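There are 2 protein chains.
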Amino acid sequence: MVNFANFREIGRKIVCVGRNYKDHAIELGNAIPKKPMIFLKATSSYVADGKPIVIPPGCENLHQEVELGVVISKEAKNIQKDQWQDYVAGYVVALDMTARDFQNEAKKEGAPWFLAKSFDTSCPVSNFIEKSAIADPHNVELYCVINGAEKQRSKTDVMIFDIPTLLEYITKYTTLAPGDLLLTGTPAGVCRVLPGDVIEFGITGIIKSNVTVQ
Amino acid sequence: MVNFANFREIGRKIVCVGRNYKDHAIELGNAIPKKPMIFLKATSSYVADGKPIVIPPGCENLHQEVELGVVISKEAKNIQKDQWQDYVAGYVVALDMTARDFQNEAKKEGAPWFLAKSFDTSCPVSNFIEKSAIADPHNVELYCVINGAEKQRSKTDVMIFDIPTLLEYITKYTTLAPGDLLLTGTPAGVCRVLPGDVIEFGITGIIKSNVTVQ
Ligand SMILES: [Mg+2]
Ligand SMILES: [Mg+2]
Ligand SMILES: [Mg+2]
Chain B
1 MVNFANFREI GRKIVCVGRN YKDHAIELGN AIPKKPMIFL KATSSYVADG KPIVIPPGCE
61 NLHQEVELGV VISKEAKNIQ KDQWQDYVAG YVVALDMTAR DFQNEAKKEG APWFLAKSFD
121 TSCPVSNFIE KSAIADPHNV ELYCVINGAE KQRSKTDVMI FDIPTLLEYI TKYTTLAPGD
181 LLLTGTPAGV CRVLPGDVIE FGITGIIKSN VTVQ
Chain L
1 MVNFANFREI GRKIVCVGRN YKDHAIELGN AIPKKPMIFL KATSSYVADG KPIVIPPGCE
61 NLHQEVELGV VISKEAKNIQ KDQWQDYVAG YVVALDMTAR DFQNEAKKEG APWFLAKSFD
121 TSCPVSNFIE KSAIADPHNV ELYCVINGAE KQRSKTDVMI FDIPTLLEYI TKYTTLAPGD
181 LLLTGTPAGV CRVLPGDVIE FGITGIIKSN VTVQ
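Protein sequence lines, in the order shown, are assigned to chains B and L.
The letter at position 34 of the first sequence is residue 34 when you use the UniProt record's numbering, and the numbering goes up by one with no holes.
The letter at position 107 of the second sequence is residue 107 when you use the UniProt record's numbering, and the numbering goes up by one with no holes.
I should point out that these hints are in silico values taken from the structure, not numbers from a laboratory.
Where hints are given, some of them may not hold.
Unchecked claim - Distance condition first, Cα-Cα at most 27 Å in a straight line; then the derived BS3-like pairs of lysine-lysine: (1) Lys-108(B) x Lys-34(L); (2) Lys-108(B) x Lys-74(L); (3) Lys-81(L) x Lys-172(L); (4) Lys-34(L) x Lys-77(L); (5) Lys-35(L) x Lys-108(L); (6) Lys-172(L) x Lys-35(B); (7) Lys-107(B) x Lys-108(L); (8) Lys-107(B) x Lys-107(L); (9) Lys-74(B) x Lys-51(L); (10) Lys-74(B) x Lys-151(B); (11) Lys-22(B) x Lys-34(L); (12) Lys-107(L) x Lys-34(B); (13) Lys-51(B) x Lys-74(L); (14) Lys-77(B) x Lys-131(B); (15) Lys-51(B) x Lys-208(B); (16) Lys-51(L) x Lys-51(B); (17) Lys-34(L) x Lys-172(B); (18) Lys-81(L) x Lys-22(L); (19) Lys-107(B) x Lys-172(L); (20) Lys-51(L) x Lys-107(B); (21) Lys-51(L) x Lys-172(B); (22) Lys-155(B) x Lys-81(B); (23) Lys-51(L) x Lys-108(B).
Quick caveat, the model's predicted, so the values are computed rather than measured.
Modelling step: build the complete structure from the supplied sequences, incorporating the hints.
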């Protein structure tokens, strides 16, 4: 019996979706995607409990992106949309920390996003949330508060591509495995974070987590 | 004692370098990079022994890229160039299979390279080569032969960024761990592969491996 509370140790990849909330795509001046825009974060990006986010060398514009995460329960290839719940072990709330300056440079050059997305400490996550604690993951509210000021708050029902669509799309190409994490995109309100900032991120009424920027 | 012959099961990431041979950068019409261009392949990309490469859905231009791989021996952050050998468990020869049409679309849109690089079976690898079997990894010859016709052949001494430079650069940002694989880029000669093709790839006098395209 797998203990999914240890998903950070069990999983081997973090599969992420970019521009999955219309208001966030617009705030960064990006087009609304016609198909899911997928990228990886390395599992070495997870922040160990109680540790801070460390700004990567040379980054001058580090952003937080609060996201709903889906922890995969079993090997998954060619998931059928109506079977998606069978592949979910539970959920987390996460920050997809993004070196926006590195990402802008990569986008301009048609280069990959590794440096922008997979630096150490780029993935703070909450504790594991049992699947039974969230009746409908498309009907929860994400929020992010920095130094007491609210920056992001959105229902998940406005995702452009919902979780079944994402799981179907990704597993057409790539097998997911137990403990892998799917990050489902961020709503508007991303902003620069600075050393000393305290970031609270959560799902209203369900879980909250804190992390400090070093 | 870790058995690095099982690096495919132990490792949690494949860190790759693009455009690390001048002749290959030029053949694809790309600029010579001023710093290493890093991306990830998921470990779910490894091809199981004896299994074929499966062209991902919709891909009409799948390319092979023969590359020298470095298997990491221990946790590595901020590697100093002159210490690089301490972090090497051994080597492999690999194919960084690339959906070139997906990659060209991503490059044009400033989008990440996930679909082009991390589909299932996109990383055939040879057996593990003990570190002692390669005195100097910058002084070996890579080759790739498809259906008996030679497509790629190059010494590794012409890498733009050598292995110590790559390890120093990557671990400034991202921790490497035992079993992680570094793919060091491909020389010229990449081409479209088709169903039924038999690809032989190797390091002259040291190892060879075979894989079929389904
Ligand atoms: Mg994000
Ligand atoms: Mg990428
Ligand atoms: Mg390559």
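Each hint, compared with the structure:
1. Restraint check for Lys-108(B) and Lys-34(L): the C-alpha separation of about 15 Å stays at or below 27 Å, so the hint holds.
2. The straight-line distance between the Cα atoms of Lys-108(B) and Lys-74(L) is roughly 35 Å, outside the 27 Å bound, and the hint therefore fails.
3. A threshold of 27 Å between alpha carbons decides the hint, and for Lys-81(L) with Lys-172(L) the separation of about 11 Å falls inside it, so the pair holds.
4. This hinted pair checks out: Lys-34(L) and Lys-77(L) have alpha carbons roughly 22 Å apart, not beyond 27 Å.
5. Taking the CA atoms of Lys-35(L) and Lys-108(L), the gap is about 20 Å. The hint holds against a cut of 27 Å.
6. Proposed proximity of Lys-172(L) and Lys-35(B) is contradicted: the alpha carbons are some 33 Å apart, above 27 Å.
7. Proximity of Lys-107(B) to Lys-108(L) is assessed by CA-CA distance (about 9 Å); at most 27 Å being required, the pair is judged to hold.
8. Of the supplied pair hints, the one linking Lys-107(B) and Lys-107(L) holds, its CA atoms being roughly 8 Å apart against a limit of 27 Å.
9. For the hint linking Lys-74(B) to Lys-51(L), the alpha-carbon distance of about 22 Å falls within 27 Å, and the restraint holds.
10. A distance of roughly 35 Å separates the Cα atoms of Lys-74(B) and Lys-151(B); the hinted pair therefore is violated under the 27 Å criterion.
11. Under the criterion of a C-alpha separation no larger than 27 Å, the hint pairing Lys-22(B) with Lys-34(L) is inconsistent with the structure, at around 35 Å.
12. Between the alpha carbons of Lys-107(L) and Lys-34(B) the distance comes to roughly 16 Å, so the proposed pair stays at or under 27 Å and holds.
13. Of the pairs offered as hints, the one joining Lys-51(B) and Lys-74(L) holds, with about 22 Å between alpha carbons and a cut-off of 27 Å not exceeded.
14. A distance of roughly 21 Å separates the Cα atoms of Lys-77(B) and Lys-131(B); the hinted pair therefore holds under the 27 Å criterion.
15. At most 27 Å may separate the alpha-carbon atoms for a hinted pair to count; Lys-51(B) and Lys-208(B) meet this at roughly 16 Å.
16. For a cut-off of 27 Å, the pair hint linking Lys-51(L) to Lys-51(B) is broken: about 42 Å separates their Cα positions.
17. Between the alpha carbons of Lys-34(L) and Lys-172(B) the distance comes to roughly 35 Å, so the proposed pair goes past 27 Å and is violated.
18. As the CA atoms of Lys-81(L) and Lys-22(L) are separated by approximately 22 Å, the hinted pair is consistent with the 27 Å bound.
19. Between Lys-107(B) and Lys-172(L), the direct Cα distance comes to roughly 21 Å. Compliance with the 27 Å bound is thereby established for this hinted pair.
20. For the hint pairing Lys-51(L) with Lys-107(B), the CA-to-CA distance comes to about 35 Å; that exceeds 27 Å, so the pair is violated.
21. Restraint check for Lys-51(L) and Lys-172(B): satisfied, since their Cα atoms lie roughly 18 Å apart, inside the 27 Å limit.
22. For the hint pairing Lys-155(B) with Lys-81(B), the CA-to-CA distance comes to about 21 Å; that is within 27 Å, so the pair holds.
23. Of the pairs offered as hints, the one joining Lys-51(L) and Lys-108(B) is violated, with about 38 Å between alpha carbons and a cut-off of 27 Å exceeded.
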